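Undergrad: Chain by chain, the residues:
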Amino acid sequence: MNTLFGERKEGAVKIVLTSVDEYPEAPISLGTTLTNFTGDWRTFIPVVDDSKCVKCYICWKFCPEPAIYIREDGYVGIDYDYCKGCGICANECPTKAITMEKEEK
Amino acid sequence: MEYKPIRKVVSGNYAAAYAVKHARVEVVAAYPITPQTSIIEKIAEFLANGEVENLEYVPVESEHSAMAACIGASAAGARVFTATSAQGLALMHEMLHWASGARLPVVMVDVNRAMAPPWSVWDDQTDSLAQRDTGWMQFYAENNQEVYDGVLMAFKVAETVNLPAMVVESAFILSHTYDVVEMIPQELVDEFLPPRKPLYTLTDFDNPIAVGALGTPADYYEFRYKIQKAMEKAKEVIRDVGKEFGEKFGRDYSQMIELYRTEDADFVFMGMGSLMGTVKQAVDVLREEGYKVGAAKVRWFRPFPKEELYELAKNVEGIAVLDRNYSFGMEGILFTEAKGALYNTKAKPLMKNYIVGLGGRDFTVSDVRKIAENMKAIIEKGELDVEVDWYHLKR
Ligand code: SF4
Ligand code: SF4
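Chains as they are written, first to last, in our numbering: chain Y, 1 to 105; chain H, 1 to 395.
Just so you know, the hints here were simulated from the structure itself, not pulled from any lab data. Do not take every clue at face value.
As the list claims (entries may be wrong) - Here are the simulated DMTMM-like pairs of lysine to aspartate or glutamate, each with C-alpha atoms no more than 20 Å apart in a straight line: (1) K226/H to E101/Y; (2) K233/H to E22/Y; (3) K233/H to E25/Y; (4) K314/H to E263/H; (5) K229/H to E307/H; (6) K229/H to E25/Y; (7) K348/H to E222/H; (8) K235/H to E25/Y; (9) K229/H to D21/Y; (10) K21/H to E53/H; (11) K348/H to D362/H; (12) K14/Y to D49/Y; (13) K197/H to E26/H; (14) K21/H to E51/H; (15) K370/H to E387/H; (16) K102/Y to E92/Y; (17) K197/H to E25/Y; (18) K229/H to E22/Y; (19) K14/Y to E222/H; (20) K235/H to E258/H; (21) K55/Y to E72/Y; (22) K233/H to E244/H; (23) K14/Y to D219/H; (24) K248/H to D190/H; (25) K84/Y to D219/H; (26) K84/Y to E101/Y; (27) K226/H to E92/Y; (28) K226/H to D21/Y; (29) K292/H to E331/H; (30) K314/H to E222/H; (31) K105/Y to E244/H; (32) K233/H to D21/Y.
Claimed, not checked - Listing some non-contacts, in silico: residues in chain Y with all C-beta distances to chain H over 10 Å: (33) T38; (34) W41; (35) K52; (36) F62; (37) K96; (38) T99.
Note that this is a predicted model, so its numbers are computed, not measured. We treat Cβ as the ideally placed atom computed from N, Cα and C, and that holds for glycine.
The task is simple: from the sequences and hints, build the whole structure.
TA: Structure below.
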């Protein structure tokens, strides 16, 4: 993922544990959030409409995770592995370029 | 090396402090609270006199901080100890979950003291039993010797299964009363309790970890299951460590419920902690008087020894559960546990709950005799008079 601000680290691969035996004995995560994706508990998902976006980056500043990155073309992208669906970006966007849509799971 | 015990006349609290010294604890973080204070005073004295090496003593401003410091030090890989009582233990409550959830083998002594109000400094088990669901193992000591032995075994068990453990002694009856305690020479303690091998450590900088990170609904559940598995494994470890202790030092702790003269007993008294000393003495007296009675002392309340209880319950007609504690809106806590453990089994002895000794009220051999008379009568009749008996109540 190429981003202008904050390259997402190499090796950020979600480890999906499917059996209790695969879990470590203690709840520790190796390499912090690299393998611990925190974006799987949202209900609504932000969707950006590039045609309305004016590249003000207010959403980027407000995102608490931060799950918003700035693409090489200057528009914003959302890293759904970490987006928690809080909707702050949609609320703050001055042009209403971001809408919150029910996520299909 | 041949085992020659070192006999010292010490209080229960000093017995705990000596065990901490002999266990070569590396970090103690504690806040003083009556009647626990003399434990940590004694440890501070060891440190001031240069009798312990490599001990970091962290004076903190509250019990919550004491446990927080213990958790940090334990996550770094140290052998860690603290001690508390009553309101202090209640203040730690939130942190107790952090210790067990992060699978840290912190060991603490809780000096059982009644919860206020009314303000009280005397014996009552409600403080520790209220921590039942925090994921801590709990060992109840009958006398000063068991405080000393209990602390040493607690470290070994806790560090084997990576869960924290609480050694519980009663306020004043043990904490401030002097008795002969057989201590183990340092070299033999070192053999019994080698240095801790932590599951993980925060100070392994080549392998950085995050402790206490977010566990989403996709993963939280499995970690809870792992704690339960560790508790189940702890039962085996407790029995093995208790047996090893007996072989090495002559005091066998392989039974999670210590049975005293129960073989042919019609009914037994069941309880925990110092009051069981009185009960055992009473059993001897009652046996002379023709009662076929025994005592069942629950040593480990968590993990709960269901199996031993079932074996006992199959062979007796009645169990008098003595609770020096109370769960308001229900009944004595051990009573609930014991009845619950037997519900799906075929053992159906008559079980009656006697609430005794709350807030330090004396509980004597003649009290046990009165309870025995009552138990005998209800067994003959085949039904309970009342299920929960507030035994001492001024009526
Ligand atoms: S919904 Fe919240 S977490 Fe997701 S991108 Fe927007 S501000 Fe960030
Ligand atoms: S706040 Fe709206 S307009 Fe501004 S960069 Fe984000 S999406 Fe584009």
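Undergrad: Enumerate the violated hints, using their earlier numbering and listing them in ascending order.
TA: 1, 7, 11, 12, 27, 29, 30, 31, 33 and 34
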